[in-house]
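Peer 1: Please put together the full structure from these sequences, using the hints given.
Respectively, the protein sequence lines represent chains A and B.
According to numbering that gives the first Met the number 0, the residues represented by the first sequence are 0 to 1221, in order.
According to numbering that gives the first Met the number 0, the residues represented by the second sequence are 0 to 293, in order.
Because the hints were derived from the structure by calculation, they are not lab data.
These numbers come from a predicted model, not from an experiment.
Built from N, CA and C at the ideal position, the CB exists for glycine as well.
Some hints could be false.
Take a look, some chain B residues computed to stay more than 10 Å from chain A by CB distance [unchecked claim]:
1) Asp26
2) Ala37
3) Gln195
4) Gln227
Straight-line Cα separation of at most 16 Å, EDC-like style, residue types lysine to aspartate or glutamate; simulated pairs [as the list claims (entries may be wrong)]:
5) Lys286(B) / Glu932(A)
6) Lys644(A) / Glu666(A)
7) Lys951(A) / Asp278(B)
8) Lys282(B) / Glu932(A)
9) Lys951(A) / Asp272(B)
10) Lys276(B) / Glu932(A)
11) Lys182(B) / Glu984(A)
12) Lys951(A) / Asp281(B)
13) Lys733(A) / Glu96(B)
14) Lys251(B) / Asp997(A)
15) Lys251(B) / Asp1005(A)
16) Lys276(B) / Glu948(A)
17) Lys276(B) / Asp913(A)
18) Lys152(B) / Asp681(A)
19) Lys182(B) / Asp983(A)
20) Lys951(A) / Glu275(B)
21) Lys282(B) / Glu948(A)
22) Lys528(A) / Glu497(A)
23) Lys298(A) / Glu279(A)
24) Lys152(B) / Asp656(A)
25) Lys708(A) / Asp99(B)
26) Lys251(B) / Glu999(A)
27) Lys286(B) / Glu948(A)
28) Lys644(A) / Glu662(A)
Chain A residues, not near chain B, derived (Cβ > 10 Å throughout) [to be verified]:
29) Gly399
30) Gln424
31) Lys1083
32) Lys1144
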Amino acid sequence: MASSTPNMLTKFESKSSRAKGIAFHPKRPWILVSLHSSTIQLWDYRMGTLIDRFEEHDGPVRGIDFHKTQPLFVSGGDDYKIKVWSYQTRRCLFTLNGHLDYVRTVFFHHELPWIISSSDDQTIRIWNWQNRSLICTMTGHNHYTMCAQFHPKDDLVVSASLDQSVRVWDISGLRKKHSAPTSMTFEDQMSRANQNQADMFGNTDAVVKFVLEGHDRGVNWVAFHPTLPLIVSAGDDRLVKLWRMSETKAWEVDTCRGHFQNASGCLFHPHQDLILSVGEDKTIRVWDLNKRTSVQSFKRENDRFWVIAAHPEINLFAAGHDNGVMVFKLERERPASAFYQNNLFFITKDKHVRSYDFQKNVESPTLLTLKKLGSPWVPPRSLSYNPAERAILVTSPADGGSYELINLPRDGSGSVDATDTKRGQGTSAQFVARNRFAVFNASTQQIDIKDLSNSTTKTIKPPTGTTDIYFGGTGNLLLITPTTVYLYDIQQKKSTAELAVSGVKYVVWSNDGLYAALLSKHNVTIVTKTLEQVSTLHETIRIKSATWDDAGVLLYSTLNHIKYTLLNGDNGIVRTLDQTVYLVRVKARSVYCLDRNAKPKLLNIDPTEYRFKLALVKRNYEEMLQIIKNSSLVGQSIISYLQKKGYPEIALQFVQDPQTRFELAIECGNLEVAVEMAKQLDRPKLWSRLTTEALAHGNHQIVEMAYQKLRQFDKLSFLYLSTGDEAKLTRMAKIAEHRGDFTARFQNALYLGDVNDRIQMFKEIDLYPLAYMTAKSHGLEEECESILEVTGLTEEQITLPTIGTPLSPPKPIVPTFKANWPTKATSQSFFEKALLGQVEGLSLEDEPTATSNGFGFDEAGEDDGAKRNGNLIDADDDEDAAGWDMGDDIVPEVESDFVNVDSAEAGAGSSEADLWARNSPLAADHVAGGSFESAMQLLNRQLGAVNFEPLKPRFLEIYQASKTYLPASAGLPPLINYVRRTVDETDPRKVLPIIPRDIESLATNDLQRGYDAMRTNKLEDGARIFKGILHALLVNAVSTASEVEEARKLIASASEYSIAMNIELSRRKLGSAEEIAKSPEKLKRSLELSAYFTIPKLEVPHRQIALVSAMKLAYTSKNFNSALSFANRMLANGGATKMLDNARKTKAQCERNPNDANEIEFDQFAEFDICAASYTPIYSGSAFEVCAFDGSKYHSKYKGTVCAVCGVCEVGKNGSGLKLVA
Amino acid sequence: MDPFSAEGELLNLHNYFHQGQYQEVIDFDTAGLSPENALPARVLSLRAQIALGQAEDVIADVEGESEPDLAAVCALAELAAGNESKALKIAEKLAQESADNSTVQVLAGTVLQAGGNSEEALALLSQHQGNLEAVALIVQIHLQQNRTNLAIKEVQAARRWAQDSLLVNLAESWVGLRVGGEKYQQAFYVFEELAQAASTSSIQSLVSQAVAEIHLGRLEEAEAALQQALAKDPKSAEVIANSAVLNIIAGKDATELISALSTTAPEHHYLQDLQEKSDVFDKAATKYSAKVKA
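Peer 2: Right under this line is the structure:
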């Protein structure tokens, strides 16, 4: 195939019609191929699969290009059309029309949204694919333009035409015109406009910079160098020409001669000083850019080449020919390397030998250069290291294969040219001993064993077809043929073993030299050192390299993964790779490898999975345990792995699901666990499986239990019989009797040898003959007679058959039933024990949480205690404050309450309502829980509540709101559930009940209704409403401190209104206006009350109502002074004008005579409160009592009475205060 | 064949029954059923009649039947008709004689539980062999005894072998309403799915949905559901009772509903409980008095 070494490394080939255009995807392993048949193919060249086909062009498609960043590509065809496609949506996005003949090439600009096309219509056009317009037409060629490309950086275009010229165009004008508009002076515009006219074709955007003439025929292809000012062109004159340009001129540098037919394509190697060209002479040629000499050429048998393309990043090329496309590499990228102990020796891209220290992670300076080895373009293939002599053996495929034996300098100081090298011809060379190496020559099919002075000591004729040799263990070689591997003993000069493995390319020995991995393209075969196959595995993608873990796990790399395989063939993925690497060494969590640039790299891996599996295979339970303890294995995968691999007893330790546990337990004969799980699942099927297993084990106790579960009485009886458990057998007989199951009863009686019972039974079922026979045979004459008597027969009337000896079951000798039959102890491996230990350990670890729970309880207890103490203190305080007659009783009562809490906590079964009372110190919560007594106690203690009657509706309201009725099973009362205000809480110790009419609803509903009542003068309603508010707040719960504040305000306000309304109501009760007018006392009281009505702190508009009323009454009663003060207060408050006018008028009237006709007890200038019971002033400084709840004030004499405002609390009885928040 | 499996002929019938669509159970065409299913179908139909308050008819119907299944139905009917002692007697007898009959387990268990013999009921029910009805009943009994933990266990065990069966879902929801938190919402979903599909909607499911919503604090939605239920049957005790609860929670007046309840179901737990608590209150309140009489 190859005309000169080395081989071109073909990576992918497709078969199709003639390929005219090729484009590599910049990132993905994709290649677009446009065909002469009008199809565009999208291939994954790594997997070798056709991803997609695009068929919208009419006729051949010649030009194709991927966009660098967008999911787009462009194509141009003989239908004159340029199409832009999305490979994501797999559709042609739009078509650019304009060319008048075949489109030859299309390319995207590297940064602008431009496409350049060349066409047989002699033009080159630039299109904007974003606005889909033609932005420039470049004319000048006077024959077909075959190719046009943008410069990779500058604003230049190069084109090739059949007019034999190559042209370079300057398109900086075009860029200026189409870049974002910048400020442009008028002159600029003018000059540009003028410039426009300067060109005779009306083109200023693109101007011809150079015309390169030199080809004698049409030019087919032209390309810029990626970095240098060079151009390469290929023409029908079979020449590839190299051109150089400067700012001002361009000239021909040299010509590469070699193609013997039209040269159809050419390009610069993206990274190396090489030119590649293809031609209709069916060759791909590689030229040295500097010497313009042919480096390499590759010939295809039948197919003419039409196009060549290079991958922009990686070392890949593609060439299109008559029957498809080939993707190839020019050189091996695998760096030659060898490692010894902690050092890796490798050859870099520029042929320097370096070493790398695994321990220190440092790369040495260049030890040696190998510039002279092989040809300059061919990297060395393999490296073999001899630690004894510190020598390396390097092979190169150049010149038919050669090797060099070089001693490494002792001190790696600076790059040294190799001195004292020994060379020779050979395809492959390997050290086989300290002072011997083997050289294989493929062409002569001969292996020479040489000493270090390079003289042959032995010659071996390998099996025919040998392609390579590898070290085969001391004194041995592995000889590789395409289908077989031979183990060859050098001493005996014969092969000692052979194994049919095809296509082996590399051999990797394990560190202990016991195993070797044979790598072929898609297979890894592990063999022993005697070449016995251990395992083999197949990969769908290429296997690149492999290395052994110290523990004996093979890690291998594919194109994109690092994987592992155990000796038994179990394999898996260790990690993914974003670029291909060549593994050289694994140590613990580090994988050392060389990348394609021959740079040592360190990758981190997680070896847990394969370590675990390895430990399992080796039954190294300690290590397994260690792994389980220290790393987070993915549970489920390990379990299924263990199960699959037949380690149910180990898997058992990991499984939670009872069904699976049961299966595993049965599988490994762990009855204990099986029983446990069967109990949990409680299904007849499982029980019967369990009995089978338990019977097999002779574990009759489990069998017995299972039969009991299954209610298999017969089997149970038989079991008792066989285990000799008479007591239970007797019980079975009773049960049978109880069940009325005569067969069972008979059977049991038989088992027991209980003749009487049998006879009894026969009699019961009227089988007297049988009863008689039984009795007779057992010699129970009395019984016989009684039977005869019953049946009314005599003995003579009965003819008996001969009766044998009576049957009596043997008596048990050994009490088997007392213990299970001795069975082999269930295999409790170290692992299991350890694991059980671990489980215990775990439970120990768990215990702290348990104890912390305990602490939780303790804390709760402490809290309670604290609370208790608090209460005690409260009580003390109360006693100090005097008048807490029940104080002494409460404490023990509360105490008993708390004791109750603890005991109830231990036993389940208390309803949630009970919990509420425990969870909360709020009276409302106790009420909701139905614990009215404790609620009353709380209220009494907190607020001195004594008269609970008015609270009854509130209590029942809260209580009724606490439960819902959920209809459940038909026929049973509904399930009662308890409504919570803590909707999200599930901890029974924190749940709290819902309390209807919370502070918010009171403030928005009830309070407003109260105000309305005030405004509309429905004072009786109002008084009731405000009292209701007070009662609702008395037994309530809020969640935040701010709500508590709000509640306090609401209580105060409701209290004030309540007093105010009652004052006014009591005034109205004095009698009609006439009655009052008649009685001076009543008049006085009426005037006083109306004045007091103005005292409570009402909302301003309501105060005004009170003031108006008081003012009017005072005025009409000629108490002008009082009326004046009311008027003044009204005016001070402000409000509706009409009312204020009225006040002003009154004021004016009163000011004329500011005297009161009636003396009343109302000092407008004094500070005073109103006693809520007597409605008389309590002047500041005088003693008073308050209601602990609503804060209403009383003269001291009312101490001990029920508060008139709330109607619940005892006046003057101080408590710990209202508690609303838990 | 397992009556709860999806293939069972009786599946629909069972579902109707447990969804509270009793009329549908009675109207179910049993002619096409295989002979071995005729008795269970009849039992279900009779139970539906009992649930609809036609206990007397049922008693007449099963008069003189000797099948333990029908005897159990008879016990249930007697219970529903108010003859608790008679019902209990039959149930106890059945529990001894035919404890392995699943109908007996469920019905006698119901009667025993209703008669307050929870332990016996549980003992009887625990003998079931994969009978979901029994499981549901056990769950309910546990819940009534406030043994939520046991109920949870029971449901979880059933869930393992009966997966997504209607009764398991229902029982789980019952438990969920006890547990609270997220479970409220899950229970709501179950009930809502039943209540809001025309083919499965019943008073029972609507009330259940409303109850779940009350617990979730979504009072308006709960009211809507209860209104729906009320439209179906304005006399349903559960609807009225829960409406009363809802009204009180919402701070509205419930006197009308309570009086309605006392006419339709004077024996309802709600009323009894209220009366009881009212008495408790009065008694407790007497312990306190003001020092000074006003």
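Peer 1: Look at each hint and say if it fits the structure.
Peer 2: Tested hints:
1. Asp26: With a cut-off of 10 Å, Asp26(B) remains clear of chain A, as the shortest Cβ separation is near 17 Å.
2. Ala37: At about 21 Å from chain A, Ala37(B) clears the 10 Å cut-off, so the statement holds.
3. Gln195: 17 Å, holds
4. Gln227: Correct as stated: the minimum Cβ-Cβ distance to chain A is 15 Å, above 10 Å.
5. Lys286(B) / Glu932(A): Distance of about 9 Å is within 16 Å: holds.
6. Lys644(A) / Glu666(A): 13 Å, holds
7. Lys951(A) / Asp278(B): 10 Å, holds
8. Lys282(B) / Glu932(A): Distance of about 9 Å is within 16 Å: holds.
9. Lys951(A) / Asp272(B): 15 Å, holds
10. Lys276(B) / Glu932(A): 11 Å, holds
11. Lys182(B) / Glu984(A): 10 Å, holds
12. Lys951(A) / Asp281(B): Roughly 8 Å separates the two Cα atoms, so the pair holds.
13. Lys733(A) / Glu96(B): Answer holds: Lys733(A) to Glu96(B) is near 15 Å, not above 16 Å.
14. Lys251(B) / Asp997(A): 12 Å, holds
15. Lys251(B) / Asp1005(A): 11 Å, holds
16. Lys276(B) / Glu948(A): With a Cα-Cα distance of about 13 Å, the restraint between Lys276(B) and Glu948(A) holds, given a limit of 16 Å.
17. Lys276(B) / Asp913(A): 14 Å, holds
18. Lys152(B) / Asp681(A): 13 Å, holds
19. Lys182(B) / Asp983(A): Roughly 9 Å separates the two Cα atoms, so the pair holds.
20. Lys951(A) / Glu275(B): 13 Å, holds
21. Lys282(B) / Glu948(A): Distance ~11 Å between Lys282(B) and Glu948(A) Cα, so the pair holds.
22. Lys528(A) / Glu497(A): Distance ~12 Å between Lys528(A) and Glu497(A) Cα, so the pair holds.
23. Lys298(A) / Glu279(A): Roughly 11 Å separates the two Cα atoms, so the pair holds.
24. Lys152(B) / Asp656(A): 15 Å, holds
25. Lys708(A) / Asp99(B): 12 Å, holds
26. Lys251(B) / Glu999(A): 14 Å, holds
27. Lys286(B) / Glu948(A): With a Cα-Cα distance of about 11 Å, the restraint between Lys286(B) and Glu948(A) holds, given a limit of 16 Å.
28. Lys644(A) / Glu662(A): 15 Å, holds
29. Gly399: 73 Å, holds
30. Gln424: The claim holds: Gln424(A) sits with its nearest Cβ about 76 Å from chain B, beyond 10 Å.
31. Lys1083: Given a closest Cβ separation of 25 Å, the condition holds.
32. Lys1144: Holds, since 44 Å exceeds 10 Å.
This entry satisfies every hint, going by the numbered hints stated previously.
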